[in-house]
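**Student:** Sequence:
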Amino acid sequence: MRITLVIVATAMLFLTCTHGDIQPQKNFDAKRFAGKWYRVGLAYDAPSFVPYRSRLTISMGIVEPLPNGNVNMTMWRIMSSGCKSKLYVYEKTAVPGVFTYYSTRHKRVKDITVVETNYSEYALVLKHKKMNREYTQVSLYGRTQRLRAELIEKFREFAQSRGFPKESIMTPPPAENCPPSGR
Numbered sequence: 001m002r003i004t005l006v007i008v009a010t011a012m013l014f015l016t017c018t019h020g021d022i023q024p025q026k027n028f029d030a031k032r033f034a035g036k037w038y039r040v041g042l043a044y045d046a047p048s049f050v051p052y053r054s055r056l057t058i059s060m061g062i063v064e065p066l067p068n069g070n071v072n073m074t075m076w077r078i079m080s081s082g083c084k085s086k087l088y089v090y091e092k093t094a095v096p097g098v099f100t101y102y103s104t105r106h107k108r109v110k111d112i113t114v115v116e117t118n119y120s121e122y123a124l125v126l127k128h129k130k131m132n133r134e135y136t137q138v139s140l141y142g143r144t145q146r147l148r149a150e151l152i153e154k155f156r157e158f159a160q161s162r163g164f165p166k167e168s169i170m171t172p173p174p175a176e177n178c179p180p181s182g183r
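In full-length UniProt numbering, the protein residues as written are 1 to 183.
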């Protein structure tokens, strides 16, 4: 019993230290979250991101909940060499709507929080990582590539409330034929 309490307390401390004032979607349901999503908005505070802003397009992903509570996310994005996909395995935590994954590119564990979603139209997602400093990314996902203006504004306001300057908040143009079959 004591060990369980220590593990839970440690997990909660970890989550609180990363972005404790952010709460995940109440009663998050991974099965309802499953399916096709488009990343239609992005706010990122890493200086290394600036040169890539003009090349960014809307990317598409498929969320697949697994029986163990983890979630697979396959993302497609257009690159100079064509349309590429990447599989991310998001591991569940003790808090529904909060996941972790290991970034092979950064060689770090990152956490992902589904902050708000209505499951049928949009989702606000926060990604957080610590490297030489803390980095945060806010994404707006939609079930379609075009969302209502009110949802775009909600995303912008949320990103600004997290400290993102207006110039780091973007809604990229659609990608042509990526993935080619539209999946």
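Check the hints yourself; a few may be wrong.
To be verified - The list that follows gives simulated cross-link-like pairs (lysine-lysine, BS3-like), each with its CA atoms no further than 27 Å apart:
{"hint": "1", "residue 1": "K166", "residue 2": "K110"}
{"hint": "2", "residue 1": "K86", "residue 2": "K36"}
{"hint": "3", "residue 1": "K154", "residue 2": "K127"}
{"hint": "4", "residue 1": "K166", "residue 2": "K127"}
{"hint": "5", "residue 1": "K84", "residue 2": "K36"}
{"hint": "6", "residue 1": "K92", "residue 2": "K127"}
{"hint": "7", "residue 1": "K127", "residue 2": "K31"}
{"hint": "8", "residue 1": "K26", "residue 2": "K110"}
{"hint": "9", "residue 1": "K36", "residue 2": "K92"}
{"hint": "10", "residue 1": "K107", "residue 2": "K86"}
{"hint": "11", "residue 1": "K86", "residue 2": "K110"}
{"hint": "12", "residue 1": "K127", "residue 2": "K86"}
{"hint": "13", "residue 1": "K107", "residue 2": "K92"}
{"hint": "14", "residue 1": "K26", "residue 2": "K92"}
{"hint": "15", "residue 1": "K107", "residue 2": "K26"}
Derived from the structure by calculation, the hints contain no laboratory data.
**Student:** Any hints this thing doesn't respect? Which numbers, in order?
**Tutor:** 15
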